[in-house]
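With the hints as your guide, set chains B and C onto chain A.
Residue numbers (the working numbering), protein chains in the order written: chain A, 1 to 437; chain B, 1 to 437; chain C, 1 to 437.
Careful, some of the hints might be misleading.
For identical chains, the list gives no copy identity; a pair is met inside one copy or between any two copies.
[Claimed, not checked] Below, simulated DSS-like cross-link-like pairs (lysine-lysine); rule was C-alpha separation at most 27 angstroms, straight line:
(1) Lys258 to Lys69
(2) Lys258 to Lys66
(3) Lys69 to Lys378
(4) Lys378 to Lys101
(5) Lys79 to Lys239
(6) Lys378 to Lys66
(7) Lys79 to Lys258
Read the hints as simulated data drawn from the structure, not as lab findings.
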Amino acid sequence: MGLLKELCTINLSEIGRELHLFAAKLYPICRSITGDGIRKTLNVIQRKIPLQIHEVQTGTSVFDWKIPKEWNIRNAYIKAPDGQFVVDFQQCNLHVVNYSKPIHATLPLSEIRPHLFTIPDEPDWIPYRTSYYNEDWGFCLTHNQMLTLEDGDYEVSIDATLEDGHLTYGECYLAGRSSDEVLISCHICHPSLANDNLSGLAVATFLAQHLSGRDLRYSYRFLFIPGTIGAITWLAQNKETVERIRNGLVLSCVGDAKGFHYKKSRRGDAEIDRAVACVLRECNEPLEILDFSPYGYDERQYCSPGFNLPVGCLMRSVWGTFPEYHTSADNMDFILPESLGGSFQACVAIVDALERNQKYINQNPFCEPQLGRRNLYKATGVESDGREINARLWVLNLSDGENSLLDIAERSGMSFSLICDAAELLNQSGLLRVMPA
Amino acid sequence: MGLLKELCTINLSEIGRELHLFAAKLYPICRSITGDGIRKTLNVIQRKIPLQIHEVQTGTSVFDWKIPKEWNIRNAYIKAPDGQFVVDFQQCNLHVVNYSKPIHATLPLSEIRPHLFTIPDEPDWIPYRTSYYNEDWGFCLTHNQMLTLEDGDYEVSIDATLEDGHLTYGECYLAGRSSDEVLISCHICHPSLANDNLSGLAVATFLAQHLSGRDLRYSYRFLFIPGTIGAITWLAQNKETVERIRNGLVLSCVGDAKGFHYKKSRRGDAEIDRAVACVLRECNEPLEILDFSPYGYDERQYCSPGFNLPVGCLMRSVWGTFPEYHTSADNMDFILPESLGGSFQACVAIVDALERNQKYINQNPFCEPQLGRRNLYKATGVESDGREINARLWVLNLSDGENSLLDIAERSGMSFSLICDAAELLNQSGLLRVMPA
Amino acid sequence: MGLLKELCTINLSEIGRELHLFAAKLYPICRSITGDGIRKTLNVIQRKIPLQIHEVQTGTSVFDWKIPKEWNIRNAYIKAPDGQFVVDFQQCNLHVVNYSKPIHATLPLSEIRPHLFTIPDEPDWIPYRTSYYNEDWGFCLTHNQMLTLEDGDYEVSIDATLEDGHLTYGECYLAGRSSDEVLISCHICHPSLANDNLSGLAVATFLAQHLSGRDLRYSYRFLFIPGTIGAITWLAQNKETVERIRNGLVLSCVGDAKGFHYKKSRRGDAEIDRAVACVLRECNEPLEILDFSPYGYDERQYCSPGFNLPVGCLMRSVWGTFPEYHTSADNMDFILPESLGGSFQACVAIVDALERNQKYINQNPFCEPQLGRRNLYKATGVESDGREINARLWVLNLSDGENSLLDIAERSGMSFSLICDAAELLNQSGLLRVMPA
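Isolated chain A, as found in the complex (with noise of 0.2 angstroms):
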């Protein structure tokens, strides 16, 4: 049985409850391109899948860049003149510029003020802040709390370290029949945003599950790794196996209300780019293809000219462009459980379609052999109006070694998985062989 066949029996919004609360054990971790933080997210993730988990040393060298110090974070607060805490670590995570240097002192608000970061127009919003190649430190906080501030010596304390020792990312191989790889990708480095992040690497890590242990055409790999760095680091660990990847997936933002987003790799026509559309466009959620772009999360990295990896992103909202994004409005109120089952239901019917698009090659290629004394010139089942005998027509007509299942699917304007049933159908009465790679 199919992926996407044996998925129906599934209860759907059963996986998305999961996924939510799977999210939700997540949210409260302080995560950053390094550090324990990631280290306890992918312990979370272990206990799901088998997942090996790599240690990258401070100051290794990875293409152009290094790895950074790695930075760990216990407590953070600014303390007013009375005593009162007005911004505390402990109550959420956003409010330290992620990466901050530590700091402990007693300062004026106005030497304070340069520190502090707001969203003047969405007053009851901490934003979320890096500083990670560029040593300094800060606070984010809402709007409305900077108002009340009034001038005054306040106590800042950054309790955290940014020293020598590792890059931290996770990487789950899933053996298929073939050494083609399938890549899929996800970030795990920003602390309390749920959508971006959270969603992403919770779908990742449910597919991972779903996948284990099936006989699979290719090989999956999955990685959940820190932006930017993480994908930079791995790229240049792992050129042998970068040479085997044959498509690929950047997972983010895939929990909130809205349709799919998917932003086409580099090549703009390879076979994941022509799998999304074709799949995407049969499910019932609004779809928009989005042409490639140099910027984005990791895509940027796989699709870089030395690279120009087959990698798109699958999303729902697109980064960068809703209020909530980068900011504590992100949370777990913003992703639903409901968006998150579509989404993993999205990246199952993906897989399905690299699984089964394959060539076939028709035996009786001069002519249309004799369906009716094989029984194939009827109907199956409930169809009856003649779609599935034209999906056979179609797949016998085009399977002359120049075309896939998706070319197929593309040039009928039939669903992909009636070619693909016809196409199956027709291998099993012998009609077709699968084309050798």
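Chains B and C in isolation, oriented as in the chain A frame:
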């Protein structure tokens, strides 16, 4: 004088009437995919054109198929308990399911009912049904007839033979200067159906007659064959000829009142595809171009992947899309003399385009030749708006060995005939010469 | 500083006024395809730019043509029976059919009429007529003038010579770093016509002056030639130079009030075609791109199939489509200083684009280089919306040796100048290098 120009001097409405009379003569014959109905039909055609009649024995293997037994029918009826004929083959040959095995029995109505076919939505029409490859018997009648049948024992009689014999088809070959061929194919296997079979074979017959004895560039091969099995048989037995086919056209349903539909070959950009689009756009009738699909008429076989011949299909109404299709309403009133005449004219225009479409080589490719001193920089005859001169400039500019006249017509947006006239005039003046094949 | 940026510091309306004055100085001269009118015109141009003047003898063969006799005119008139001048060459040089053979005779009006040309629909305008290759004589006058003529004997006089002599043209060559050439061509064979001939030659002259003495990548060749025969002559006598032409532009009708029309080269996708589309879309004036056609100006010759040069044609109004075309209404009022200035600016922008358009090679093709530590991940200057950074990412991502900056601008949808600025900045930083030709 070109084929098309000569045609302008012919009385097209007279040709339309003759085509209709010719079809009317063939209408009563009970044709099938084998048997005497086909032989009688071919004999009538043979009175108009030099036709070679082929007989292929039952049991002969043709690719994945075998020539079936030959079917011949003399009479058939259903007699009511009161002795009245309720269904009578002599009234209409559609009453018998085509290829019914013989039967003579008296049976209660309840046992006959599974063998009766009607069209409830069109209660006064008789459906057309076949059972070629599944031995069975049956009758077709109007739904209103069926509603009058009362319980009781009925005498059913089908006086037919289904025995080893032959499959019969006709072939007319008109040799041209080149052994490259244009194939014109039509099916002749339907009994009293006018648009679906008679219109095509009538137009094909008249076209062959019109081309016969002319000095033509291409050789022309006309096939009058039973659908599917006839095309498969011819392809199986003429593999060497197949390789000489440069263009082809299946003709069917070219007699009804609607505008033209042209279904492109599997290649989609074959010369025939572009020629039909180009010349039929210039005629006064509506034209819709359809993409190839692997269902329809014998283009299914010609365009099977092992052959992939450049063969399209010219229709007015598309098979299966009009209510009269495969019913007694597809009768001689359903096809019109003016439609048949217009289809004949379209076919002549298509042949004319194939004959005229060539590549020429500009003999003065560096800068324009001085048209003025050759008196070619003035319009000839009535046209004075510069279009003739522009056509000459286009032909000169693009006749670099890459572009055929069709290419030039397409790129310039000018009419194909204007471009051809220009090329032929420039050729006479020595400014062009025909590019060797 | 780039050509275009420098232009921003120049007073364009001042240049527009100078262009108009320059054209006004040339307006009264009676030019033709040969003769002293052309020589006087070239002498005026020569005062502005280093111009080489060529003389080619009558009778010289140039491809399919021969250099015609040289035509010079001193005076011409028609005198009425009462001794009044009814047509006087001294008033307007359009009054004489260009290339009229000499005549001096007294003739009845009825014999003169076949030699008189007017525009009945524009009764106050004098038409412009020529008879280069058909020896004849004639006069052009307003329709209203003609209506006043009464029967009687008129004295007609054309004091002209049509004798062996020369065809004259001018050539200005500006050597660049590469011997690859950009050709700028304009016709200089029309008498008192402003938009059609003076506008183009004025802009070409000023452009040559602007480029003169600069350090340029391409070499630039400006041709000031009689239409058709001049281009044919130059092409016939410069076959080796022709092979070095990488881009070219015919300039004509660039002075009227309308937006730009650019007619593409025969190739349709040459660098010049794409550069013009790209940079003129960024200017404030309307732009319409026209497909190539083999009628028009000297692109007809440059784009003849033997040459097929990448030469397009920049116009404002398209020849033949405006009522003033080839009439006395195409006078100095019909061309506007601001239009001439805008056309000059457009030409500089096009040259600037050709100069800047190169392929670069990303020196860190594997993953993104770390822009942050090079201070390239922040916008420079006033722009702070990220467009500058995005432009850098686009240039880095696509600089794989396949894509020129034009390709990158087209794919990214960003402005060409933004892409160029990004490339030049990245080049300075060592992240790119120019791809060798």
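Hints breached by this structure: Of the numbered hints, 1, 2, 5, 7 do not hold.
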